[in-house]
Each structure stands twice: as C-alpha cells, then as structure tokens.
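Produce the complete structure using the sequences and hints provided.
So the protein sequences, as listed, match chains A and B. Counted from 1, the first sequence has number 97 at position 97 by my numbering; the numbering is strictly sequential. Residues are numbered in my numbering as their position in the second sequence, beginning at 1, plus a constant of 357.
Any given hint might turn out to be false.
Here are the simulated BS3-like cross-link-like pairs (lysine-lysine), alpha carbons at most 25 Å apart as the crow flies [stated by the list, open to error]:
#1 K471(B) with K246(A)
#2 K273(A) with K146(A)
#3 K471(B) with K292(A)
#4 K108(A) with K121(A)
#5 K246(A) with K183(A)
#6 K471(B) with K242(A)
#7 K229(A) with K471(B)
In short, the hints are calculated from the structure, not lab data.
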Amino acid sequence: MKIKLTAIAAAAVMAALSATSIQAAAKTKACWVYVGSVGDFGWTYEHNEGRKNAQKHFGDKVETKFVENVAEGADAERAIERFARSGCDIIFATSFGYMDPVMKVAKKFPKVKFEHATGYKTAKNVTTYNAKFHEGRFVAGKIAAKVSKSGVAGYIVSFPIPEVIAGINAFMLGAQSVNPDFKVKIVWVNSWFDPGKEADAAKVLVSQGADILLQHTDSAAPMQIAEQKGIHAIGQASDQSKFGPKAQLTAIVDNWTPYYIRRIQAVIDGTWKTQSSWDGMKEGTVSMAPFKNMPDDVAKMAADTVAGIKDGSIHPFTGPITKQDGTVVGEKGKPLDDGAILGMKWYVKGIDDKLSK
Amino acid sequence: MEAVVLTIITASTPLLLAAIGELVVERSGVLNLGVEGMMVVGAVCAFAAAYSTGSPAVGILAGVTGGVFMAFLFAVMTQTFISNQVATGLALTLLGLGVSGLIGESFVGLPGVKLAQLYIPFLTDLPIVGKIIFGQDVLVYSSFILIFAVTYVLFKTRTGLIIRAVGGNHNSAHALGYNVVAVRYGTILFGGACAGLAGAYLSLAYTPQWVENMTAGRGWIALALVVFASWLPRRLLVGAYLFGMVWIMGLYVQALGLGIPSQLLSSLPYLVTIVALVIISGNRTLTKINSPAMIGQPFVPDR
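And the structure:
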C-alpha cells in the first residue's frame, strides 16, 4: 500500500491508520520517511527506487510504505511515531535532521528497528547508514583534470557540512593527482534543491572559464546548461545522461537497493543487529554511470581507479594531505580514518574558496 | 559581461511575469497568496503539453490554462462563496504543489523542450547588445509588453479606472453600477494567466525539465515585489531586475573566490530590493494613493 501525500495531509491519514491499527501478522512491514518528494530525481528519488526494488525483490513477503516531504524536526517525530505505532517492523529515516526524532521514538518502541541515514547516533534498535560518495568524487576529479581544456572546474554546492566538504576535497585530490595546477571554482547556493538557482550558478561558472561542471545539489539543471554551452559535466545522484547526452562524462549514482534488501532480510531472519554502515563502491552503494564523451585512455584510467577503490588499493584520502592553511594531516601511504572524513571541516591546498567559521 | 546580463534576464523574467499579474489582482482589491501554487501548476502543464506534443507554443498555452484554472478555483471560493482570501490563497499554494506533483509524476527525469530564442541575422550577431536585445525568447518579450500594456490599461483607459475604483472602494463602485464581482473574476483570472506564463517560463526556458516544487519560492518573491513596488508596474520592473541582478552578482562574486560568506550573498537580493524599493516609495502620499484600500476585504453586494 502506498501513501503519497503532502506532509500536512499525511498526519491526518496516519492518525486514521493507527486508529484502525492494521496488524499484518505474517508480512514484514518496512516503512520509509522521506525529506523531499519522490519526484526530485535526486536524493529522495534514489531512496524510493531502493524501496521499490526491495518490494519487487520480496514480493508478497514484505509490505512497504512511505511518507514524503516530511520536514526535519517535530513533524518528523510525529511521522516516525505514527509508523512505529501502525506496526512497521523496520523504519528507514532518510535525512540527517531526523536524528534526534529517531532516537526519541526508538526509546518508546524498543521492538521496532530504526535505520537512520547519514547520522551518527546509534542505540540498541537504531542503526546508521551512509555511503562513501567521496569515492565517486575522486574518480570524477581525475576525469575532470584530463578532459578539461581550461584547467578549471565549476562546483555547485549546497551547505558546508562535512559530507559536502569531503566531496570537494576528494574531487580536488583526484584532479591534482593528474594536474597539480588544476583549479576549482565553488558556488554555494544554500539550498539542496532549486533548479533555477543551480542553473544560474552553472551559467556564472561557465562565464568565468569553467569547462567541467559538477554539483552537490539535487537537480539536473546544471547538466542541461553544460549541454547547451557545449562543455562537460558530472551527473549527481542519478544517471543524468538524458539531460546531457553530449555533456555527461559520468555520474556518481546512489544505489540503496542492496542495503535495503540486506537489512529487510535481516529483520525477516531475526539477525538484525545494530551497526554503523558506511558502504561505498565495493558494496555497490556508490557506482559510476558509464564513462562517455571522453577519450578511451581517460575512460580506462577512470575504470582502473574504480577498480582500485573497490579492491582497496586506492583510497581518496591517502596521507600525507596538505590542508589549505599549510598544515599536513595523515601518515604517508595510510588513509585517513573514517572519523576524520565524516567530520571534515577543512579544505585541501589548492582550493581558493574559504570556509566560514 | 554579455553572459551575465543574459543570466540576469533569465532570473528576473519569471518574477516579473508572476508579479505583473498579481499587481492587477491586488489593484482590484483582492489578495491572492496562491501565486506559487498557480505558477507551479503552470509549470507542470506547460512541461507536460510541450513534452507530449513537441511544441513549446502548445506548452505555453497549457501553462496559461493551468494557471487560469487554479485562479478560477480561487475566484469561485473568494468571490462567489466569500471565503477568507488569505486562507484560500495559502490553500491554493498547497493544492498547487500537491496537484502538480501528481500530474508531473510520469514526467520526472525527462529532458524537456526548450523554447526557441529569437534569431535575426545580423541584428542578433551584433556585439554585446545583439543577443541581449534581439536574442531572447517570446516570454521575455512578453514580460516587457505586459508591463507596458498593464501600465497603459490601468492608468489610461476606462477599464483601468474601473479596476482601480473597485479596489479603492468596492461599495462606491457597486453603488455606481459596476459589477464588482465580475471585475474581480476578470483580474483574478488574468493573474492566474500571468502566473501560468511564469511557470511555463520555468519549465520551458529557465530549466527545461519538470521536478516537483521547481518554483522554489519564486511565487512568494513575486508577491513581495508587488507590495514593495507600491502597486506601480514600472517600479515592479525595477524591483524584479534589481532582485535578479543582485542574485546573479552574488553567485558571480562567489565563483571569483573572494571569500565573502555565501549566506550573506544569498540574502543580499532580498535586502537590496527591499531597501531600494522602500527608498523610491518614500513619498507617503503617493504610496497611499496607489495602495488599493479594499485589499483582502470580502465584498457581499446588498440586494
């Protein structure tokens, strides 16, 4: 059964659901809480694809439900609690800002399993999961430095949180490994999703000489601009080649399906345990769309890098790394530990942008 | 330079289109807070029609129809059933966001049809001004034509006088024999058509694709512009372009890497536009004359 409603209407419907107290005995019930709409063709879209694929995989054994456009904060707590009350066995909360609401509700419902994406708080029945998107950024950096003629990339970003900063750094480290003088121009649009503003930022970056665009925002607008201007771009979250058949070099694609199937299976088997999952290319959560619109040797280099990341021989953040302020982190030949990447608040050397404190 | 000006025009046009419609609505004494909702429905209808037929012209027509349909709902509620305009307008926005998501579900992730830009050999090829003046699409030209047409109709014709009279004092206008409700139906539908055009501009020219919520608050900015422009079309033109200019310059400065906090640059368009429009509307008497006294007030004709 699907619930597709706006957040406001959702509260009312959920009330009705819990009143009738649907308790399917045999079926395992998995429920998703989304921060955006399933039609964003970005973050929420990919989570919903994961849900649909899990539903397909399990067929009649599992019932899935979702509610979209749930604002972070108090609304989220209500939505998550309704799900817990209505008999969901496992609840996936797919936004960073759901962290405290999830912890609160989890305390009240010890038998329900909670999975929180991109957070860092766990409990007996709360697990966190995230993906190593920076691995994809590193590959993108290598490609960009090879393909770019001007030696300048334009990077459209949302908010200065560690995940985004780590992405910029990984991109830059990848690019510098090919061309030490590579430059990146950064525009913060202060929004996850505003196609118009993303397009504006893309045009501005192109006017300043960038000939590769990439983004950490959710719409395909920059890809369309790249196509119009006859330059190249790296897709985000989904394969965006339809928006830029000549422009897209590759795309960093999120794929939550394997994770969701694994975790729901664990609930069915009774083997579900709390953990902090951080999957990357190796597990298939992060993958690259086909390498296109580039010379064969560049595509081969990219494929080799992906293979290296998968087998562990290449790590984007391998020490020593020089920070923007000149200090050095990491030991020679060893990767930074996970904590350092998850809490990254500094730029690597070579980035001109400044992070506000 | 040319590229930046072109980007400013693109950013300002949807604001201008939506705002000019709302200006006429408010001049007739009606406050429609549903601009965002009408705009987003216009965007999805335009995208769907253009994608299905391959013709941007059909898309524009569908966008206008979508906006008018939403406006019609508002008109029936507020003019025939005398519902509260503020509440109905807010509901219209929520309804628009929901309905557009539903209509657009199967169009997510599809590249759209881009509205063609004018090309006149020689003229468009002129350096600097060529593309800016002779290389825009039909909706950009429409936004300017609409500004001048609305100015003319509102202040130089009898129709405009009636619209303003209804907005100034609906009881007097009624006593003089004017059909207040009919006039307001007309302005509300015009407002819907303009919001629909603005939506069509978003999904056919600005970013030729459909994604839910793609208006991203532009309807609300348009609403604010109308008030700060003290209900004068020519100030609206100034306000919308000032907003667009500061908006784009903010992005431009960021890309230069000067280290100015992006949060400040993101808030500047709002700040600068408000301050500038408050300064130019410093003449209180003039502002008072221009503000529609009946705004938001229901009209129930005594029989």
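query = Regarding the pair K471(B) and K292(A), is the alpha-carbon distance no greater than 25 Å?
reply = holds (24 Å)
inquiry  = Holds or violated: K246(A) and K183(A), Cα atoms, limit 25 Å.
reply    = holds (23 Å)
inquiry  = Holds or violated: K471(B) and K242(A), Cα atoms, limit 25 Å.
reply    = holds (14 Å)
key: Satisfaction of hint between K471(B) and K229(A), Cα-Cα up to 25 Å   = Holds, at about 14 Å.
ask   = Regarding the pair K108(A) and K121(A), is the alpha-carbon distance no greater than 25 Å?
value = holds (16 Å)
query = Does the alpha-carbon distance linking K273(A) and K146(A) stay inside the 25 Å limit?
reply = violated (44 Å)
ask   = Hey, K471(B) versus K246(A), does the alpha-carbon distance stay inside 25 Å?
value = holds (16 Å)
In the structure shown, a violation is registered for the earlier hint numbered 2 alone.
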